[in-house]
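*Asks:* Protein sequences, first through last, are from chains A and B. Residue numbering for the first sequence follows numbering that gives the first Met the number 0, starting at 0 and increasing by one per position. Residue numbering for the second sequence follows numbering that gives the first Met the number 0, starting at 0 and increasing by one per position.
Among the hints, a few may not be true.
[Said to hold, decoys possible] Quick list of simulated restraints, FRET-style, between CB atoms:
#1 A:105 - B:156: 49 to 55 Å
#2 A:132 - B:294: 36 to 42 Å
#3 B:274 - A:130: 40 to 46 Å
[Stated by the list, open to error] Restricting the straight-line Cα-Cα distance to at most 20 Å, the calculated cross-link-like pairs of lysine to aspartate or glutamate (EDC-like) are:
#4 B:191 - B:171
#5 B:166 - B:156
#6 B:191 - B:203
#7 B:35 - A:133
#8 B:221 - B:203
#9 B:221 - B:313
#10 B:25 - B:255
#11 B:101 - A:191
#12 B:101 - A:205
Hints in this document: simulated from the structure, not taken from any laboratory. All figures in this text were calculated on a predicted structure; none of them were measured in a lab. Every residue, glycine too, gets a C-beta built ideally from N, C-alpha and C.
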Amino acid sequence: MSYAGPQAQAVDHGAELARAGAHVQGWGGSVLYQARRHPLGALGLLIVAAFVLVALFAPFIATHDPLATNAASSLARPGGEHLLGADFMGRDMWSRIIYGARISLIVGIASTLLGCLLGVAVGLISGFWGGWVDLVTQRVNDVLQALPLLVLALVMAAALGPSLQNVIIAISIPVIPNVARVIRSNTLALREMPFVEAARAQGMSELRIAVLHVLPNTLAPVIVLATAQLGSAILTEASLSFLGLGIPEPYPSWGRMLSESAAEYVRTAPWLVIFPGLAISLVIFGTNLLGDAIRDILDPRERS
Amino acid sequence: MSGSLLQERRPGGGANLAAEPVLEVKELKKHFPVRKGILRRTVGHVYAVDGVSFSIAQGETLGLVGESGCGKSTVGRAVMRLVEPTSGRIRLNGHDITRLSKAEMRPHRREMQIIFQDPYSSLNPRMPVGRIVGEPLYVHGIGTAKEREERVAALFERVGLRAAQMKNYPHEFSGGQRQRIGIARALTLDPKLIIGDEPVSALDVSIQAQVINLLMDLQQEKRLSYLFIAHDLAVVKHISHRIAVMYLGRIVELADTRTLFTDPQHPYTEALLAAVPVPNPRQKRKRRILQGDVPSPIRPPPGCHFHTRCPYAEERCRREVPVAKEVAPGHVVACHLR
């Protein structure tokens, strides 16, 4: 007859946050508090925030039009007029990388959001209502999960054709089963909780119980998952573009910038490969650090 | 244990035994199928509740006691229609609610509510407690937003919380306070019957007394009927007008509280009472300690379920199911030897 069973603890993230000091000094205070406890996470947050700011204020940070070609500065070295050099068509690398952050973040955030939204819906329906609906969705999920993210996105992108929306859709599909799994397993545990029974005893509709009583208790792990997915979505976009199935020309995508230059110029103009590669590495490094920290903050069992 | 801390008082409310009972349960059965294998074939049943009958009058408390796993919680949940009864009949205020659909059941849910054992898992951790308590009003479309808020505030004050605490979340409260919130939630719709599924078992002894006194005060004020499920005899003795003793899915004895404690007829009740600790180390008591464990409810013993542990068991007890008979007015025993 324990006071709080393991299940109760698992869902009590709110209490966990409060004990960790989250509500002591309001939002800003709690972010500072957590940043001190998780310095790497704070670094991740700074990196991600920096990329978001760069993407937002790209026109002010860029020195050139990212699409403007200039035969005179073809393959210009870094330094001088072109900070990070210029590509074969004389387009300024610095400006292209700045604008590339927009593409990366738009694709990353939009596909993660779309995937999470659909995944939450699928997971909640399959976990809460169970029965054959659950059986069918879980088998479909198995199939989707058996394929690697990139392969699945490749197939989707090839089928839909290259465009911004299609890339977002292609990358979001593989996110769905991951999120659905997490939501489903949480829902299975939650639907047996006494507070759900209490809601039923009061005559609430199943839909209301699912949305108001079960769903809010499943979302903490999704936030963690979404942060982790953000990094891999950006990477997948880069990979798709590298393979020619991503964002079409002339928009500057880091992945495409890499693929255009890798084969031909890696020896003669290595900066065309190094800088987009660095940008990709840095943003993924940042999202991973942030994702790990958020998981630690929300999950008492992961804390050491 | 807790009996010593409770102030001496008798259950109030003045049970009206003559009028139509608020709750009437007849031959209630709940068998959970046991499924095995990929095909989920039913290979047996858990006979959680196996033919239980009782009734509760307005303003009356019926205590339902038994060991863990005897099916007492399932009785409460079946009455609330949180699990589907396998057979039997449940009548609430004279209406048969046994087979009502979800929609048909809704108006009847205003008449009965349940208080859960675990004050932690029975409150949604993501909802302010004021909303938890007020939500039933919203769901049943009662009052305006302002009226609902006032009602919730009044309920908070009534159960011993401050109205200012309505916007707080469950984790900001102690176990006893949470159970008060659970009680307020059960009272929101002004029900006639409240099922307490071990409502104080998870609380400290001193808090138990407060919560039980609150429940008894509320009963007197609102003429509530309680089905009070518990395994602590001292607590049940304190709050109940009548007590039903359950063993492996069946009621073995049902009598008013005084009779049950002074003149128990069923061997199981005897053993149960002998196990109640007495807060006097010098008092010598003959203890009748039961041998063995409770048999599995998947394969309950034939005949009288208790015969495997009964010191008086005869051949007949192993074959025939004992029929409940009234040995004195209002005193029902299911035993071949009485």
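*Asks:* If a hint holds in the structure, say so; if it does not, say that too.
*Replies:* Results of checking the hints against the structure:
no.	hint	in the structure
1	A:105 - B:156: 49 to 55 Å	holds (53 Å)
2	A:132 - B:294: 36 to 42 Å	holds (38 Å)
3	B:274 - A:130: 40 to 46 Å	holds (44 Å)
4	B:191 - B:171	violated (30 Å)
5	B:166 - B:156	holds (14 Å)
6	B:191 - B:203	violated (28 Å)
7	B:35 - A:133	holds (19 Å)
8	B:221 - B:203	violated (27 Å)
9	B:221 - B:313	violated (47 Å)
10	B:25 - B:255	holds (19 Å)
11	B:101 - A:191	holds (18 Å)
12	B:101 - A:205	holds (10 Å)
This entry does not satisfy hints 4, 6, 8, 9, going by the numbered hints stated previously.
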